[in-house]
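Keeping the supplied structure of chain R fixed, place chain G upon it in accordance with the hints.
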Amino acid sequence: MCRRFTTVSGLIPLITGLVAGLSVTHSTQAEYGINFPPPAADVAQEIYDIHMLTMQIATFLLLVVFSIVIYSLYFHRKSRGYPADQQFHNTWFGNWSWVIVPALVLGVDLTIASNADAVLKKVWDVPKGEKLMDVKVTGHQWWWEFDYLDYGIKVESRYTPQEQAGDLYLREVDNRLVLPTNTKIRFLHTSADVLHAFWVPELAFKKDAIPGYVTETWSELNREGVFRGQCAELCGTWHSRMPLVVESISEEKFQAWVADQQAIKVAAAAEAAATKTWSREELMAKGKTLYETKCAACHQLTGQGLPPAFPPLNGSAIVNGPIEAHFNLVINGKPGTAMQAWGSLNDLEIAAIITYERNAWDNRTGDTVQPTDVALAR
Amino acid sequence: MSHTSTLHDVPHHHANPTGWRRWLFSTNHKDIGTLYLLFALAMLFMGGASAMLIRAELFQPGIQLLDPDLYNNLVTNHALLMIFGSVMPAAAGLANWMIPLMIGAPDMALPRMNNLSFWILPAAGTMLILSFVVPFFPGGGSQINTGWTLYPPLSIQVGMSMDFLIFAIHLLGISSVLASINIIVTLLNMRAPGMTLMKMPIFCWTWLVTAFLLILVVPVLAGGVTMLLFDRHFGTSFFDAAGGGDPVLFQHLFWFFGHPEVYVLLLPSIGVLSHVIPTFARKPLFGYKSMVGAMIAVGTIGMVVWAHHQYTIGMSLGAVSYFMIGTIIISIPVGLMIFNFIATMWRGAMSFETPMLFAVAIILMFTFGGLSGVMLAVVPADMQYHDSMFVVAHFHYVLMPGAVFGLFAGVFYWLPKWTGHMYDERLGKIFFWINVTGFNLTFFPQHFLGLAGMPRRIIDYNVMFTEFNVISSIGAMIFGFSHLLLLYIVIKTIRGGEPAPSRVWEGARGLEWEVASPPPFHTWETPPPIRQEQSA
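Read top to bottom, the protein sequences are chains R and G.
Per my numbering, numbering through the first sequence is continuous, rising by one, with the last residue being 419.
Per my numbering, numbering through the second sequence is continuous, rising by one, with the last residue being 620.
Isolated chain R (complex conformation) (with noise of 0.2 Å):
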């Protein structure tokens, strides 16, 4: 009998280790990543106490549990010669164990759910009546859309390359979230094609992006600094490479930041609405650093596409064929496919686009589009 001896002392080791490793988790240790991170708004500090407090509940019920069961693999043995007490279930325990224990477990559920529900009524619905700044956060396949709804800024978000990003690789983007602290947020959050969710641990809430939908979060920055997270909705393909970046920076300096994107905006406003003719070798240059950041993704850098979802370029019928259904399907996007519609962009960026995949790679259509075609073809 001595080796079943063996074999329950050897659960014990396994057991203390996976206690061990859950209450260990209650320090904050963002060294290691085995917590949240400390959060970075009031709303996320009641999520994160009410986190803490559900799992200190869970690990003091896990002893219990563990220290019984423990308990009772040891003694309860027959090659201890122990005798099972066949009568057990007819003592009063047994007779009323089917009332005490729910009675208890439900004393536990109105502990948790009541705390929950304290928080829930704090954190759920944005704050009515006050003043709000409004972010609209799109999700596209696969980058984020950032408006400004307040400042008619508009940011597009997409993940930093490896060679750039380096230990930051699918935690860093081109273009980040710029938020003021100190300022009630409302984020307005849908889709422009598939699902996609917002995830910035700091904030500490994360919601989906629906197409059709709009849904609302808020929160409120209480410190400055970058925020990391990324979408945590399976969107398809390159659902690993959607961070999210947030940069948190005083009232003054978020002003100064919307100034600067203002005049960025009216700048490339002015570029596009002049009357000039504009020359193949330029349309290629500002055609080539577009396609790299906004159809790279899909249609790769070569050209090559990766088929079957998302078919290539190089050697096109459309891209080679009439112009009108190349303006179509880059205007309008292909409804049921990753294909979305780029009418978003103005007509200079989208004549850029169009020139270079017409006369990129083995492209040899000899085509130069000026932004007065594509204002003729919408």
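No lab work stands behind these hints: they were computed from the structure.
Glycine is no exception: its CB is placed at the ideal position from the N, C-alpha and C atoms.
There could be a bad hint or two in this list.
Covered stretches of chain R (in silico footprint by chain G; criterion: 3 or more residues with CB under 8 Å from a CB of chain G, positions within the stretch not fixed) [as the list claims (entries may be wrong)]:
id : segment
1  : 136–143
2  : 236–246
3  : 270–283
Not the full set, but computed from the structure, chain R residues with beta-carbon under 8 Å of chain G [said to hold, decoys possible]:
id : residue
4  : His92
5  : Leu104
6  : Val106
7  : Phe129
8  : Val146
9  : Leu161
10 : Asp166
11 : Tyr210
12 : Arg212
13 : Glu322
14 : Thr378
15 : Glu390
The following block gives chain G in isolation, referenced to the frame of chain R:
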């Protein structure tokens, strides 16, 4: 029963059929049970192989082995193979083998339908595998990169492999519903005289509840995927916002099926535990009536809490409060079940053969998974946990002990009864320890990954997540390969071994231990007498 055999007539009560006819035309609950179990074993290895490929890819940051679509295809395939291909058929196999033996019935109530409900499975399995491989052929379209939840609009973008998958789900659903009808009819009509419902062995009770759940929820999934099929090919817009449809509707339909499905996977294993623990504790099950009440409560409440899988879709405060409280309340019946198991062990005379080792591991690890489930039910905290690796860790801690280890315990417990040979106890224990160690090594670190911010279903991750992923992948290899030992033990036991007596275990109670090991082709042709507290 005296008609003669003809070609279309299934041999019955005459000579025992042999060769392929014995299996293809079988109406014998024991043979069909064996077929179910073998099918489940084959699928277990395929699903396990896909899981090991996933973990191999995640061993290091960067994309080394797979491409993103293949990765997501494997994620989808792993879940569907394990849930529909492995756990459900294995549980149905146990039901087929054991229910007639336990209730003193000569066979299942509807033997020909029993044959049909099994033989749909190989066709469904083929469709499922085709959905995985079709994209690798020219013109096969894109791979299924949606995960098993098949959420539109992504699932509308996928190529023709999604259609194979939809039909596979339909076939699997038909098979489950037919098997469930059969089990309900058998349990309600075929019990030996004197075996009232409240004397029925708990395993039969768990299957009665499971079968009702399946009949209630599988058609909802079938409706959901049919609407998906129509959206894909027939111009409807059930789930397409651009056509006035609602992508969230699919999620509700899916989880209306998907959450009770968790209990479908769980309950049969709870039933197995209710026999294993009393046997090896050598005393009766503690709280038979409260077990029955608890599982009915779990089934009932489990039907109305589905949206806790979708806290992040933007429901109203009232809706999420309801789903939170409903979900937390499930801990009451589940807690009662675990309490009853512990109380059965308490003051018993326990010995630790392989089935009991699995039972103890289930109690401890399932409690752990259940408690992380309570954490996930808390809506504000779930805003963080949702769709992170924490969820992956949680549901594997629930389903691996709660479903798979329960099935392992059942297989080791009844294998001597089925084959007439004792399995190799030493190898069984070695398998248990490697398996459980590998499992914990795989999934425990994933809690930390999730809390630290790693989403699930990503092929590539930042270097900050490396350490725990390395541990998890090493654990997964140990865990995965340990099942080869299971296969070896099963084959070895089938081929020979120490002869098993009819009452294989010292403390075993119930009618199944009163027939020979292995049981003759037909058993209980005359119903056995039921004595006081025979089974419970």
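Verification of the supplied hints:
1. Evaluation of the coverage hint for the segment 136–143 of chain R: fulfilled, as 4 residues show C-beta separations to chain G shorter than 8 Å, against a requirement of three.
2. Residues of the segment 236–246 of chain R with a Cβ under 8 Å from some Cβ of chain G number 6, which satisfies the need for three, so the listed coverage holds.
3. Coverage of the segment 270–283 of chain R by chain G holds [criterion: at least 3 residues with CB-CB distance below 8 Å; count 13].
4. About 4 Å separates the beta-carbon of His92 (chain R) from the nearest beta-carbon of chain G, less than 8 Å, and the hint is met.
5. Annotation: interface hint on Leu104 (chain R) violated; nearest CB of chain G at approximately 11 Å, more than 8 Å.
6. Residue-level restraint check for Val106 (chain R) holds (minimum Cβ-Cβ distance to chain G is 5 Å; threshold 8 Å).
7. Using the Cβ-Cβ criterion of 8 Å, the hint placing Phe129 (chain R) at the interface with chain G is satisfied: the shortest such distance is roughly 5 Å.
8. With its C-beta approaching chain G no nearer than about 4 Å, Val146 (chain R) sits inside the 8 Å limit, and its interface hint holds.
9. The interface hint given for Leu161 (chain R) holds, since its Cβ lies 5 Å from the closest Cβ of chain G, which is under the 8 Å cut-off.
10. Because the closest C-beta pair between Asp166 (chain R) and chain G is about 6 Å apart, less than 8 Å, the hint holds.
11. Because the closest C-beta pair between Tyr210 (chain R) and chain G is about 6 Å apart, less than 8 Å, the hint holds.
12. Because the smallest distance between the Cβ of Arg212 (chain R) and any Cβ of chain G comes to about 5 Å, under 8 Å, the interface hint for this residue holds.
13. Here the hint on Glu322 (chain R) is broken, as its CB sits about 36 Å from the closest CB of chain G, past 8 Å.
14. For Thr378 (chain R), the interface hint holds, the least distance from its beta-carbon to any beta-carbon of chain G being 6 Å, beneath 8 Å.
15. For Glu390 (chain R), the interface hint is violated, the least distance from its beta-carbon to any beta-carbon of chain G being 24 Å, above 8 Å.
The structure shown violates the earlier hints numbered 5, 13, 15.
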